[in-house]
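Residues per chain are reported as follows:
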Amino acid sequence: MSRIKPTQRKGASTVKISLLRRFVMFWVHHLQQALGSLGELTRNPIASTMTVAVLGLSLTLPSTLYVLVKNSQEVTSGLENASEISLFLEKRLDQNAVVNFAERISLWDEVESTRIIYKDDALQEFRDYSGFGTAIDYLQDNPLPDVVLVTPKEQHRSAERARMLQQKLELEREVNSATLDVTWLNRLQALIQLVQDVLAAIALLLCSAVVLIVGNTIRLMILNRKEEIEVMKLVGATNAYIQRPFLYTGFWYGILGGFLAWVATALLVWWIGHAMTRVSELYESPFKLSGLSFNEVLILWGVAVVLGLLGSYVAVRRHVAKIEPQS
Amino acid sequence: MIQFEQVSKTYPGGFQALNQVSFSLEKGEMAFLTGHSGAGKSTLLRLIALMERATVGRVMINGHDLRKVGPNKVPYLRRDIGMIFQDHRLLPDKTAFDNVALPLYIEGYTQGEARKRVQASLEKVGLAGKEKHYPRMLSGGEQQRVGIARAIVNKPPLLLADEPTGNLDPKLSMEIMRLFESFNDVGVGVLIATHDLGLIARMRYRTLTLKQGEMINDGLQHGQSSEGVAHE
Numbered sequence: 001m002s003r004i005k006p007t008q009r010k011g012a013s014t015v016k017i018s019l020l021r022r023f024v025m026f027w028v029h030h031l032q033q034a035l036g037s038l039g040e041l042t043r044n045p046i047a048s049t050m051t052v053a054v055l056g057l058s059l060t061l062p063s064t065l066y067v068l069v070k071n072s073q074e075v076t077s078g079l080e081n082a083s084e085i086s087l088f089l090e091k092r093l094d095q096n097a098v099v100n101f102a103e104r105i106s107l108w109d110e111v112e113s114t115r116i117i118y119k120d121d122a123l124q125e126f127r128d129y130s131g132f133g134t135a136i137d138y139l140q141d142n143p144l145p146d147v148v149l150v151t152p153k154e155q156h157r158s159a160e161r162a163r164m165l166q167q168k169l170e171l172e173r174e175v176n177s178a179t180l181d182v183t184w185l186n187r188l189q190a191l192i193q194l195v196q197d198v199l200a201a202i203a204l205l206l207c208s209a210v211v212l213i214v215g216n217t218i219r220l221m222i223l224n225r226k227e228e229i230e231v232m233k234l235v236g237a238t239n240a241y242i243q244r245p246f247l248y249t250g251f252w253y254g255i256l257g258g259f260l261a262w263v264a265t266a267l268l269v270w271w272i273g274h275a276m277t278r279v280s281e282l283y284e285s286p287f288k289l290s291g292l293s294f295n296e297v298l299i300l301w302g303v304a305v306v307l308g309l310l311g312s313y314v315a316v317r318r319h320v321a322k323i324e325p326q327s
Numbered sequence: 001m002i003q004f005e006q007v008s009k010t011y012p013g014g015f016q017a018l019n020q021v022s023f024s025l026e027k028g029e030m031a032f033l034t035g036h037s038g039a040g041k042s043t044l045l046r047l048i049a050l051m052e053r054a055t056v057g058r059v060m061i062n063g064h065d066l067r068k069v070g071p072n073k074v075p076y077l078r079r080d081i082g083m084i085f086q087d088h089r090l091l092p093d094k095t096a097f098d099n100v101a102l103p104l105y106i107e108g109y110t111q112g113e114a115r116k117r118v119q120a121s122l123e124k125v126g127l128a129g130k131e132k133h134y135p136r137m138l139s140g141g142e143q144q145r146v147g148i149a150r151a152i153v154n155k156p157p158l159l160l161a162d163e164p165t166g167n168l169d170p171k172l173s174m175e176i177m178r179l180f181e182s183f184n185d186v187g188v189g190v191l192i193a194t195h196d197l198g199l200i201a202r203m204r205y206r207t208l209t210l211k212q213g214e215m216i217n218d219g220l221q222h223g224q225s226s227e228g229v230a231h232e
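Residue numbers (the working numbering), protein chains in the order written: chain U, 1 to 327; chain H, 1 to 232.
Hints were generated in silico from the structure; no laboratory data involved. Don't take every hint at face value.
Said to hold, decoys possible - With a Cα cut of at most 20 Å, we get these calculated PhoX-like pairs of lysine-lysine:
no.	chain 1	residue 1	chain 2	residue 2
1	H	Lys116	H	Lys155
2	H	Lys94	U	Lys226
3	U	Lys322	U	Lys226
4	H	Lys73	U	Lys322
5	H	Lys124	H	Lys155
These numbers were taken from a predicted model, which means no experiment stands behind them.
Given only the sequences and the hints, what does the whole structure look like? Please build it.
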């Protein structure tokens, strides 16, 4: 009974191995197990391929939707910057007063520039383009007011700031009414927000599905190797040692699935972009769909790896500890 | 080395496999454990190997009180016990070399480092040159010897064997027993569970006998019984 602690016994046989060497060996072992589990994937290629495909394609949908949302945000942020406030002036003002007023407003801090549309010009334009033509000549006097178009400065162009400016302008004596046409913009933004929320929900659901699917695949792998695990436990393997190859398998699923998701997303974006270019050509706008950036690809890959690891972790936590040698 | 103090084991459902068993095995001692099927031999071995826990009483292995060994420490204790099974428990998809090297891999050796020890181990059981054979290419006796090589490869102070000769003919059985003797000669404690009474008679070692969960003979002369042995 003089053999006391296993650590002491272990120490006696391995004391010559330096700490540094042990540290190096630890990583060498990790590398060996990582490569070993990569080889394990090729042993049952069909199950592995299917799991990787599920992982990759499940991530393709949210990432493609993300690309579309990102692009639509870019487009609408351009629209938002073009916001303009139209001031319909009181009819009693004469031309001088209008010019004075426009000049006064253009000196405001919030205002970048102003442009006047005189009521006579507006009527002329209306006559030319509306198709009422001579019918307008029957009018006794011009029903249109003078209009001043106000372009706010850069920092006052957001929907909220522009609205504040609009209200301020409305208080001016010369102004009959001021309109800021941001309602449709707000609606569009709300719509994009809705799509974003739906996207988040779909992404969450698909990610949970991926975790469960990877977990189930790993669970089957563990149960297939039940006997081997029992023997390993009998000769003193820790749970951590037995778990490691399975965790690496999850890691590889993530790496391969992430790669697949990237390729599939790129293909989809290319395809959709192709269709969009035709549409934007018809509208004569130089819109171009931008795909995933390098950082976004890295994030996509990271998410895939985390999901793979998480799935395998769930499986090994539940099943490796449960397998105990029976004889 | 092994010390049982009033150990009882009751399985869920009420079956009492061991009833107040006390005995001790000194360091470097070799002994047989015998009894009919169902007498509790396997349960006793399973308690030593921490595959089961005692319901009542104290089991000490290599100086550890097993009641105080948490699940995380179990693997480390098992590394100090070489276990040999009737059905070998070899991994069929691994070569003899890799089967024997398994405990070393688990302790953190690389294949290169393990090579010398594995070869020495296989040589000792008379299987030098069969490193690359898979278990199915080996005979029953050879498979058993691979199992023994695996049990001794990390030089544990204690060997446990559960019916190691169960499937072997008398001549092969004797060879296996001689192998255990040679380990015992260099100071390894050996406990062999067997119901092969003829073999036991020829070997003249201490024999512990279980009957219906009770130790009816601990193999020691009366008055010579060591501490903790409470057989009347």
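Hint check results:
With a C-alpha separation of about 13 Å, the suggested pairing of H/Lys116 with H/Lys155 holds against the 20 Å cut-off. The straight-line distance between the Cα atoms of H/Lys94 and U/Lys226 is roughly 15 Å, inside the 20 Å bound, and the hint therefore holds. As the CA atoms of U/Lys322 and U/Lys226 are separated by approximately 10 Å, the hinted pair is consistent with the 20 Å bound. As the CA atoms of H/Lys73 and U/Lys322 are separated by approximately 16 Å, the hinted pair is consistent with the 20 Å bound.
Distance restraint check for H/Lys124 and H/Lys155: the Cα-Cα separation of roughly 12 Å lies within the 20 Å cut-off, and the hinted pair is therefore satisfied.
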